[in-house]
Every structure is written in C-alpha cells, then in structure tokens.
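Enquirer: Dock chain B against the given chain A, drawing on the hints supplied.
Each protein sequence line maps, in turn, to chains A and B. Here the numbering used here is used: position 344 in the first sequence is 344, and no number is missing along the way. Here the numbering used here is used: position 59 in the second sequence is 59, and no number is missing along the way.
I should point out that these hints are in silico values taken from the structure, not numbers from a laboratory. Please note: incorrect hints may appear among the correct ones.
Pair by pair, the computed Cβ-Cβ distance ranges are [stated by the list, open to error]:
| hint | chain 1 | residue 1 | chain 2 | residue 2 | range |
| --- | --- | --- | --- | --- | --- |
| 1 | B | Val93 | A | Arg24 | 35 to 45 Å |
| 2 | A | Ile6 | B | Pro71 | 17 to 27 Å |
| 3 | A | Ala38 | B | Asp106 | 45 to 55 Å |
| 4 | A | Ala38 | B | Gln63 | 42 to 52 Å |
| 5 | A | Asn2 | B | Arg48 | 44 to 54 Å |
| 6 | B | Ile81 | A | Tyr270 | 32 to 42 Å |
| 7 | B | Asp105 | A | Val42 | 45 to 55 Å |
| 8 | A | Leu21 | B | Gly60 | 47 to 57 Å |
Okay, the calculated bits of chain A under chain B, using three or more residues with CB under 8 Å as the criterion [claimed, not checked]:
| hint | stretch |
| --- | --- |
| 9 | 138-151 |
| 10 | 173-179 |
| 11 | 266-279 |
Here the structure is a predicted model, which is why all the values come from computation and not from measurement. Beta carbons: idealized from backbone N, C-alpha and C, even for Gly.
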Amino acid sequence: MNLYLILPILIPLMTAILLFLTWRWRRVQRGLGVAGAAALFVAGLGLLTSVQENGIQAAQMGNWPAPFGITLVADLFSAIMVALVGLIGLAVAVYSVASIDTSREAFGYYAFFHILLMGVCGAFLTGDIFNLYVWFEVMLIASFVLLALGGERAQLEGAIKYVTLNLVSSALFLTAVGILYGVAGTLNMADLALNLHRTAQPGMVTTLAILFFVAFGIKAAVFPLFFWLPASYHTPPVAVSAIFAGLLTKVGIYAMIRVFTLLFIQEPEYTHRLILLVAGLTMIAGVLGALAQTDFRRALAFQHISHVGYMMMGLGLYTGLALAGSVFYIIHHVIVKTNLFLITGVTQRLKGSFDLRKLGGLYRAHPGVALLFFIPAFSLAGVPPLSGFFAKLALIKAGLDAKEYAIVATALGVGLLTLLVMARIWAEAFWKPAPVTSTSSAEEVDGAAASEPGGLRTLLAPIILLAVLTVIVGLVAEPVFALATRAAQQLMNPTEYIQAVLGGRS
Amino acid sequence: MHILMPFVIGALYAAGIYLLMRRSIVKLILGLAILGNAANLLIFTAGRLTRAHPPLVPSGATQPIGTFADPVPQALILTAIVIGFGVLAFALVLVHRANQMVGSDDLDTMKSTDT
Chain A
1 MNLYLILPIL
11 IPLMTAILLF
21 LTWRWRRVQR
31 GLGVAGAAAL
41 FVAGLGLLTS
51 VQENGIQAAQ
61 MGNWPAPFGI
71 TLVADLFSAI
81 MVALVGLIGL
91 AVAVYSVASI
101 DTSREAFGYY
111 AFFHILLMGV
121 CGAFLTGDIF
131 NLYVWFEVML
141 IASFVLLALG
151 GERAQLEGAI
161 KYVTLNLVSS
171 ALFLTAVGIL
181 YGVAGTLNMA
191 DLALNLHRTA
201 QPGMVTTLAI
211 LFFVAFGIKA
221 AVFPLFFWLP
231 ASYHTPPVAV
241 SAIFAGLLTK
251 VGIYAMIRVF
261 TLLFIQEPEY
271 THRLILLVAG
281 LTMIAGVLGA
291 LAQTDFRRAL
301 AFQHISHVGY
311 MMMGLGLYTG
321 LALAGSVFYI
331 IHHVIVKTNL
341 FLITGVTQRL
351 KGSFDLRKLG
361 GLYRAHPGVA
371 LLFFIPAFSL
381 AGVPPLSGFF
391 AKLALIKAGL
401 DAKEYAIVAT
411 ALGVGLLTLL
421 VMARIWAEAF
431 WKPAPVTSTS
441 SAEEVDGAAA
451 SEPGGLRTLL
461 APIILLAVLT
471 VIVGLVAEPV
481 FALATRAAQQ
491 LMNPTEYIQA
501 VLGGRS
Chain B
1 MHILMPFVIG
11 ALYAAGIYLL
21 MRRSIVKLIL
31 GLAILGNAAN
41 LLIFTAGRLT
51 RAHPPLVPSG
61 ATQPIGTFAD
71 PVPQALILTA
81 IVIGFGVLAF
91 ALVLVHRANQ
101 MVGSDDLDTM
111 KSTDT
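Isolated chain A (complex conformation) (with noise of 0.2 Å):
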C-alpha cells in the first residue's frame, strides 16, 4: 500500500476529527487549523516527488482487486493538484487565524475547512468514477457550510443559488453515472477507457460525454452555466471565498479533463469542439461581465469565469502541447486568483469597504500592499515575466499550430480586456486619490486594525507567499512547464494511467 496516496486524504481527516473533539479551545482550534494544512502540503509535494521518480502510483483500497475495488490514483496532474491544495490551505488557513472571526471559529470554521480540503483531495486521487461523485458530495457539503456559516443575509441569498445550482449539477452527474454503468458494466475509470469503445452504442457514449460534461460544466462554472458563482462566491468572510476561488472550480475542470483526456475520446471532433466554444464564450462573458462591476470580489468572481476558458481551451484543442497549457494555467491561476481575494481582504481591512468606488488612495498609504496586488494582477493579465505570460503563450501556441485562429484571436482579444480590468481595479483602489466622504471612517478603520497588533502582519504573509511563488513561477517558468508538459504527455496516452491500475490484466 502506497502511503503517499492516502495520506492526502487521512491527514484532512484526522485533522478535522481532532478538530471536532477540541471544539471549544479557540487556540487549539486556530493551531491545529494550520498544522493540518501544513502537513497536507508536505504529504502533497511528497506525493508529487514519488510520481515524478516512479511513474504513476496507484493502490487498491481494502486490498480489492481493480476493476473491483475503489482505486486511488496519481498521475502527475493528480499529483501537481494534490500539492496545489496544500499550498493553498495552507495559505488560507494561516490568514483565517488572522481574519476569521470568533464566532464563525466557535462554529466550527476550521474543522469545515479541512474536510473541504479532504473532499477536494479525494476527487484529485480516486480513479473511479461513482467514488469521483462521493468525494465531490464531500467537497460540496463543506461548501455549503462555510458559505452559509454566519447567517448574514447576502451570505443566506447566495447559499441558495449555490446550494440549489450545484445539487442540480451532483443529480445530472449522478444520473450520467448511472447511465455509464448500464453501457460498460464497470465504473472505474481505467477499466471504462478500455472498454467504453468497445461497446455497441457510440451514439449513446457521446450523449453520456455531453451529459458529464454538463454536470461538470456547472461545477466549473463555464458558459451559459456559471451564474452561480458571482452570485455567492463574494458573500462569505474572504478566507472562504479565497478558498473557493483557488481550488472549487479547479476540481471541475480536473474532472472535465480526466474524463475528456481518458474515457471520452471516440468523437473529438464532436466533443471537442463543443468543449473549445464554449471555452471561448466562457471567456468573453466573464471578461464582459468583470468590466461591469464595482465591487471588488465581484469583479475577480467573473475575471474567474474567464479564466476558466483559458483551462478549457487546451483541453478543447486537445494537443500535448494545449494540454500543458491548460496545467500550467491551473498552475498559475490556482496562486494567483487566490491571492488576489485575499488581497481583497486586506483593502476592505485597511478601508473598510469591498466597493471599488469607495476604494482608492491605497497607492500613497500602503505602497507595499499595492505592489503585492500588482504583482497577481498582472500575472493574471498576462504580463511578462509573470506566471500569466507564460501560461497564454503556451495555449496561444497550440492554438496556433491546431490552426484554431478564431480561438487564439478571442483568447488574445480578452487578455487584452483582462488587463483592462486589473488596470480599471488599481486605478479605482489604489492609484485615485481617497474619496474625500470616507476618510474619517478610514481613519477609524485603520485606528481599529492598528488595534490589533500582528493581524495585519498575519494576513499579509500568504498573501507575500505567494506574490513570490507568481515570480518565481514566471522567472523559472522552464522546469515547471517541463512538469506540465510531463503531466500532459501522461494525459494524452491513456495507456500508462491504464497499466498502473489494472496491472497486466490489460
């Protein structure tokens, strides 16, 4: 048994346990919140050093051969997710301490967290298909809770649309299930890409790849599918939102491209190309969208539904090449959209406010945590040397040599709108000056965080974490494209993924 598969899941786990028998010590709470986070992150880079020196690892749970059995599997983009996950909860959690407040800790904020995390590392690891829909009711479970945790209104109003929008996504995904198991007779997934060509019925396996693809559209929140997302992912404190912008999406565009790159690949010139439209509307509707809003979090919450565009754009072009994009802009986006909410927190802390027209005059006051935007923002955009830059210029070049150029244009038309974004963000908050209107309540705002000795230093520290994993990303963009590449070269031949799990049986 592969300790280094099961560790990502046991260690949220016995975290949120030990979480819940310690529920009324605050501290406790607050350093077991970190610890677990930290030890995931470790469990997760050990994880991804024993796939890159071993190839793909897989382990049967309960000793029950595969196809039989549930089986957990890493491959490098499996693994590549896994480590992004610690690194995020671990980010998230050192800012919760600073940021949560009390009476969400005394309801169990930390403990939600971690099996948020467990959730989301099951779906990273499992390789089969009925456990995939398990891990996802886990994950969302844990949503639903910390969105709803606080009960203030707006937070009430969006948990519906969420609640509601996502239950309809885990009953589509359920049924198209439950249709694959009538056509193949198997659910994991190794086991289906070998025999899912076989069976008699293509018509149905292309119906059964849009109706995943529905089910994973909605949860990844691509166009016409996503007005979910701006609807609630700004209504919770901003650790939570953070959370859920780095990684929620991620798994349904992980689940997208596992099921697209292994089971559903009789008709790509079918499915594909679906996958690439709407790769491209997703872009431009949420770029549009994002130009629309006054609100901080509201602004980043539709740039996010573009950038899921950008996911699915390599996978839509369906090259080695466009694959590797796709992961590293997972890569990418994961540290940089979640560094951008938590900035969105320490503006609302030093200003008092998420409305951008309120906002302003940062620039002059905090010149340090303007740059610390500066930095994610316009990553983001595409600018170089930053991580963003490197990640378009891959998917472009695919695009290019796919000869997709309607695609490439639409992708480098809203780079360009994206930047005019980020630009519209800093000129609003931090270059105009103050609004003359609410300089007494920032005063008594700034008076109130100066109050609290260490809590802004605390919330500025994962947020310069990874501020200096974007550069360092940008700069030394040739190994960790290697590392894309790699996973992606393992994407588009299934065969390996296959052998590891069923073994010579195949």
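Expert: Chain B in isolation, oriented as in the chain A frame:
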C-alpha cells in the same frame, strides 16, 4: 416493467425540473428531492431489472449459481440516498433560515447578491 420505468423516471425528472423553476423556495426543495429520486431510479433501471436471486455464492462454489441480480447499482443507490438525505437536510435548514431572514418565500425577493 421495462416499458413503465422509463416513463416514470422521465415524469419524475420533468416534475423535479418544473418545481425547480417555480419561485417558491419550498417548491425548490421539493424539486431537488424529486430530481434526486429520479436519478436513483434511473441507476436502478440502467442496472437491468431482473427477477433473480441475490448474488450469494453457495458454500463450495466459486460463483453464484443461475441468474442473479447485480448488486452494484443497489450499492450505488444506497450511497446516493444517504448523501441525498444529508444534503437535503442541510438545504431545508438553509431555506428555513433564508425565509426567516428575508421574510418571504419568494426567490424573486432574494436577488440582492445578483447585481
């Protein structure tokens, strides 16, 4: 049975989606419940409806004798029912709290986070 079930399942899906599109949050919850049940029945039907023995291996044999029912869809449905129950319980409480907070059960009055 094989002809009846698809119609029942289709009607359940239609009813669930219809209820989801109403404005009342109570109907929203009912719609989600019906949709979940429709999916469960669909898994059951997709696993073939057979009148057969439970898949038990008699002592001395290496595999079940004669026709036997596939246990996997039943295990899947059992899992899905438990998950659906938990999620629905949460959704009920959420809707109740939202109703208390907003003072209405009309979804159209809950649009403050949309714009």
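Enquirer: Each hint needs a verdict: does it hold in this structure or not?
Expert: Hints versus structure:
1. B/Val93 / A/Arg24: 35 to 45 Å: Roughly 23 Å apart at Cβ, these two residues miss the hinted range, so it is violated.
2. A/Ile6 / B/Pro71: 17 to 27 Å: At roughly 26 Å between Cβ atoms, proline 71 of chain B and isoleucine 6 of chain A fall inside 17 to 27 Å, so the hint holds.
3. A/Ala38 / B/Asp106: 45 to 55 Å: The hint (45 to 55 Å, Cβ to Cβ) holds, given that alanine 38 of chain A and aspartate 106 of chain B are roughly 46 Å apart.
4. A/Ala38 / B/Gln63: 42 to 52 Å: 49 Å, holds
5. A/Asn2 / B/Arg48: 44 to 54 Å: 36 Å, violated
6. B/Ile81 / A/Tyr270: 32 to 42 Å: 35 Å, holds
7. B/Asp105 / A/Val42: 45 to 55 Å: 48 Å, holds
8. A/Leu21 / B/Gly60: 47 to 57 Å: 48 Å, holds
9. 138-151: holds (count 6)
10. 173-179: holds (count 5)
11. 266-279: n = 0 at 8 Å, threshold three: violated.
Consistency with the previously given hints fails for numbers 1, 5 and 11, ordered from lowest to highest.
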